[in-house]
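**Student:** Residue numbers (my numbering), protein chains in the order written: chain A, 154 to 467; chain B, 4 to 684; chain C, 4 to 224.
Keep in mind that the hints were calculated from the coordinates and are not lab data.
Think of the CB as a built atom: it goes at the ideal place given N, C-alpha and C, for glycine as much as any other residue.
Any given hint could be a false lead.
Simulated restraints on C-beta separations [unchecked claim]:
{"id": "1", "chain 1": "B", "residue 1": "Leu-564", "chain 2": "C", "residue 2": "Arg-31", "range": "40 to 50 Å"}
{"id": "2", "chain 1": "A", "residue 1": "Asp-214", "chain 2": "B", "residue 2": "His-565", "range": "16 to 26 Å"}
{"id": "3", "chain 1": "B", "residue 1": "His-565", "chain 2": "A", "residue 2": "Leu-421", "range": "30 to 40 Å"}
{"id": "4", "chain 1": "A", "residue 1": "Gly-436", "chain 2": "C", "residue 2": "Phe-196", "range": "35 to 45 Å"}
{"id": "5", "chain 1": "A", "residue 1": "Gly-436", "chain 2": "B", "residue 2": "Glu-540", "range": "39 to 49 Å"}
{"id": "6", "chain 1": "B", "residue 1": "Asn-585", "chain 2": "A", "residue 2": "Thr-435", "range": "35 to 45 Å"}
{"id": "7", "chain 1": "B", "residue 1": "Lys-633", "chain 2": "C", "residue 2": "Val-99", "range": "19 to 29 Å"}
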Amino acid sequence: MKLYTFVTEFLQLIILIGIAPAFTGWVRMLKCWSQGRTSAGLFQPYRDLDKLFSKDVLLADNATWIFRFTPYLVFGTAVLAGGIIPMLTVDLPIAYAADVIVLVALFAIARFFTALAGMDMGTAFGGMGSSREMTIASLAEPAMLMAIFTVSLASKSTSLSQMVHVIYSGQYVFRPSIAFALIAFILIALAETGRIPVDNPATHLELTMIHEAMILEYSGRHLALIEWAGMMKLFLFVMLGIAVFAPWGIASSGDFIPILSAFFFMLLKLGIIGIGLVLIETGLAKMRIFRMTEFLGSAFLLATLGMLSFFILE
Amino acid sequence: MIFTPLEIISFSVLLLFLSVLFVPLLKGNQRLLINVSFMLISLASLLGLAGGIWAVGGGITNKLVLPLGLSDLPFHLRVDPLAGFFLTVICLLSFFVSLYSIGYVKGYLGRRPVTSLIVFYCLFLAGMMMVVIADDALFFLISWEVMAAASYFLVMFEDENIENRKAAFLYMIIAHIGAIAILLSFGIMAGLTTGFESFSGYTFDAMRQAEFPLKWATAAFLLAFFGFAAKAGVIPLHVWLPEAHPVAPSNVSALMSGVMLKTAIYGIIRVTFDLLGSFPWWWGAIVLILGLISAVMGVLFALMQSDLKRLLAYSSVENIGIILIGIGASMIFTSFQMPLLAALALIAGLYHTMNHAMFKGLLFMGAGAVLHATGERNMEEMGGLIHRMKWTAPLFLIGCVSISALPPFNGFVSEWLTFQAFLLSPALPSPMLKLLIPLGAALLALTAALSAACFVKAFGITFMGHWRGASMPRVHEADWPMRSGMILASHACLLLGVLPTFFIDWMDIIPQQLIGTKIGASSGAYGWLWLTPIAPERASYSGPIVFLGILFVVIAVYLLLHVRPGNIQRAPIWDCGFAKLNERMQYSSASFSMPIRRIFGFLFKIKEEVKLTPCGTHKPFPKRLNYHLKIRDRFWGWLYKPIVDSSFWVARHVGKLQQGRIQAYLIYSFITIIILLLFSR
Amino acid sequence: MDINIASQITSFLAALVLLTAFAMLAQRRMYGLVNLFAWQGLFLSINTAIVGFVAGKHHLYISSVLTLSLKVILLPYILHVLIRRLKVHKEVEMVVNIPMTMLIGIALVIFSYHLTAPVMELSTLVTRSTLAVALATVMIGLLMMITRRHAVTQIIGFLAMENGLFFAATSATYGMPLVVELGVALDILIAAFIFGIFFFHINTTFDSLDVDQMARLKEED
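Next up, chain A with everything else stripped away, as it sits in the complex (with noise of 0.2 Å):
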């Protein structure tokens, strides 16, 4: 293991926390233009959680340790997750201690904390909040493993540098079945990061929110820190979806010149990523709670097809 893979990983890890936000921020601008409105730049969010940082905390009485911890085991699970995603190079010395069961499992203990946290205070919308992110999360895990197993057949690995290695010097162009599970995946992920028709981020209307219930005694620093792992969380999945699917432009190695173009090729994909989610954010109606049960189970559906294809066809 050499020094500068180090220094590569680290590189990711501040592009990670550096760069999430404006992501967020790029997708909010063109929400704004494609509603006609005029929108509030792409530097908002990073003015939002200085506001945030700067802001005493305001704690409920009866608020406990787990209330309090929950902040940084979730802006720490997901800064850890970008330590494993493959965003400029796959040569990454924290890759292999964890595949990408781990990734899911890493998202599962953010979520684990901040639904206990949502029911700390005993008030209706915390409580809420966890039993449906709770049952969201349910139902998506299998689909999203189903969907990732189907890539990891192909490649024969569960290690995602692996994969993306794989998928890269793939000799297949149509492969339906990774055509099935990236279909899968986008439906995964919008309901994984809480994105319109599964939740919407922008809303505090007590009966559409769920992420945002759990998370509505939250103030200060902590509420800086959630929503920053929010924001790093959806970059996360956009990371991931990217290594998976198109891995084009990723680095197979550590030097210079490939990781700057690397980082190049990354801000371009999130750039159209970012036109494609505010279509779909536009395109669509918050759906019922209970409409999920087939918005994902379609997504379970077509990560099955996937891999029954991929038996069958390829």
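Chain A is already provided as a structure; the job is to place chains B and C on it using the hints.
**Tutor:** Chains B and C alone, transformed into the frame defined by chain A:
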């Protein structure tokens, strides 16, 4: 070398029997009795633990023939790595639970004498250990019955409650139906070994040597599997489990859920891999499918419960399912001559056996501490205990995180190994299996996600928010013996999760003996940090790095972003200006699981009833609202009710024979004698 | 065109055909169903043309054009007209709920893979791997006819089944002889017209197109 592992283990069993004899002497001083006897039991557990670890670690097989039992049918004892592994599981948990019991059982002081509890506790433990070291059908069944009978009396311990008596009765019936099946299975195997005239085929050694024709082997396997499945609580034979486990004293439920179910797993592995030896793939498919059904249905049932211990009992059904998934996959791989994959799947199943013992023991101990402190099992009444139980809450949380398969704790490792085994299934030659087994992986993922939801509910409703009941009892924290039992178990959960390579290297001898390959050659090749079951580029997981990574990143984030310390203000909960917020408005256990109940409701028999009492003539303003929810197990109606009804029907008709006149009975005897004479002519 | 690429494209189109079959199972709206049927026809037609090109069987071009004109343009058009005239564009009623139907569908795919696996080992054609998909499409069409109540959805199920058969013929033997193909196409067309006429009569007689109404036709006993 002075002793062999088997001698140490036998000594430990002997110690348990001695304590049974010795307990009544101290009956007068109950407090002293509890202290002394549970100390002795802990000591015995430690001895057994040492023997078990040694047997596995050294790959030692010892045999012993005891000149006890019937004439010409001496008891055979044997410890091999498989038995050693299960002894380790049993003794490790029983050590923790016995420490815990020193505190827990004192809760009964002043209410009832605990002498019988301690006597049967010892017998129960000794029974489990004897089951594992038995090496002939006779001794196995005797030990099996000792275990079942002792646990029956333990379930009956608080026998003034009708639900205890009912549960114990149901448990005894199903345990005995299972035992009959096991007896028949051993009968078939012993009969085929040496013919039905001689008895010498009753030793496991003779069975190991024998070759069984497929038809008879299948019959033996199905009978044995049925019998062990009834003990393990595999769906649809699970109905006794959620009745019996909650009503038993919590230390006993911890042992029943944590290790008694595992003796059935031991039985399945022993009979299929060791005694029968070779088998067709569809045996594995049966085990796998029943495992999947148990896993998914078990966790869904668990989610629906509002009784904390019942929830844990159903979750045991789920975990037994997960263990069986590993074993079933291993059987399929074995029958297709893929030893490496079979070894991986078997290790996954065994590892989960160990893990489940640890976290389920921990959770039951935690639930016991809650019960001890509040006298309440119903979660709908609980809440906010984290403020009063500063030790129990985090320990229970560790159990919840472990069982939800979250890294870096142990549940995740076994689940990860099972997933890896599933992902290797495309190597199978049969196209049907190739397609179906990955779908099993999806069900396993569903189970894991649902169990996370289930334990968010269990912890969140019990420990967080506010007390929901009418008046909060004086809650006290568990005392030190109870705490120490839970602390040790939680450390075991963490260690098994962070350093899996050591444990897998230690137990790798088991698949080598049963299947012929160890996975260690590949798992250790990358150093102790990395768990790489097949090949490093295939998949790798490093428990220590993930653990330290999470720890380091969280601490770093805390230090870096914890700006301006000391600016935290406390305020009452924001009530949206309603100002009449009370604790009944919290999300309850039933409301938490409502979305899942709605989605998977078709699997249950749900009766929901909402009753509105209007305030005068104003319909939209109800004065009170009653909500009744009844969730029934469909299997009860499908499987058990017909059997119960028909046995009542038969009993009614047989009852007509009862005339009350002595002449009638004499006629019956006379007819019986004549028929028998006719037959034996 | 490289034979390897061609086989990949046909696999991909087969996957799309399977996807449309599942989408038809899940679709609630009548127009959506017809459109999906048209898409399925389009994928089939492209697939036939590609197979014709790779295998050098020129009569497959004719089949391809025939499929395009008949199943992508004419039949969907007729069905559209039918739906508009009969005013039945509401949500489709189902006997079994959607997730359950989907699960049965998946089971059918696995089953057909199991059935065709021995055939696939023997065959040397470029299209051999799509045979399982073709069989599955037939079965899913039949499943659709079983699970739906409405007469129009039943005919779409029937047509989807025919799509599957056509696909099977292409993938197993590079298509049936042209004469047979023409005959089948004509059959379909006429069947569709006859169905259309029947629907009008059923609709006027029963005031509904729910096929459960036909249970009333049985003799009372």
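**Student:** Evaluate each hint against the coordinates.
**Tutor:** Against the structure, the hints come out as follows:
{"no.": "1", "hint": "Leu-564/B to Arg-31/C: 40 to 50 Å", "result": "holds, 48 Å"}
{"no.": "2", "hint": "Asp-214/A to His-565/B: 16 to 26 Å", "result": "holds, 21 Å"}
{"no.": "3", "hint": "His-565/B to Leu-421/A: 30 to 40 Å", "result": "holds, 36 Å"}
{"no.": "4", "hint": "Gly-436/A to Phe-196/C: 35 to 45 Å", "result": "holds, 38 Å"}
{"no.": "5", "hint": "Gly-436/A to Glu-540/B: 39 to 49 Å", "result": "holds, 41 Å"}
{"no.": "6", "hint": "Asn-585/B to Thr-435/A: 35 to 45 Å", "result": "holds, 42 Å"}
{"no.": "7", "hint": "Lys-633/B to Val-99/C: 19 to 29 Å", "result": "holds, 27 Å"}
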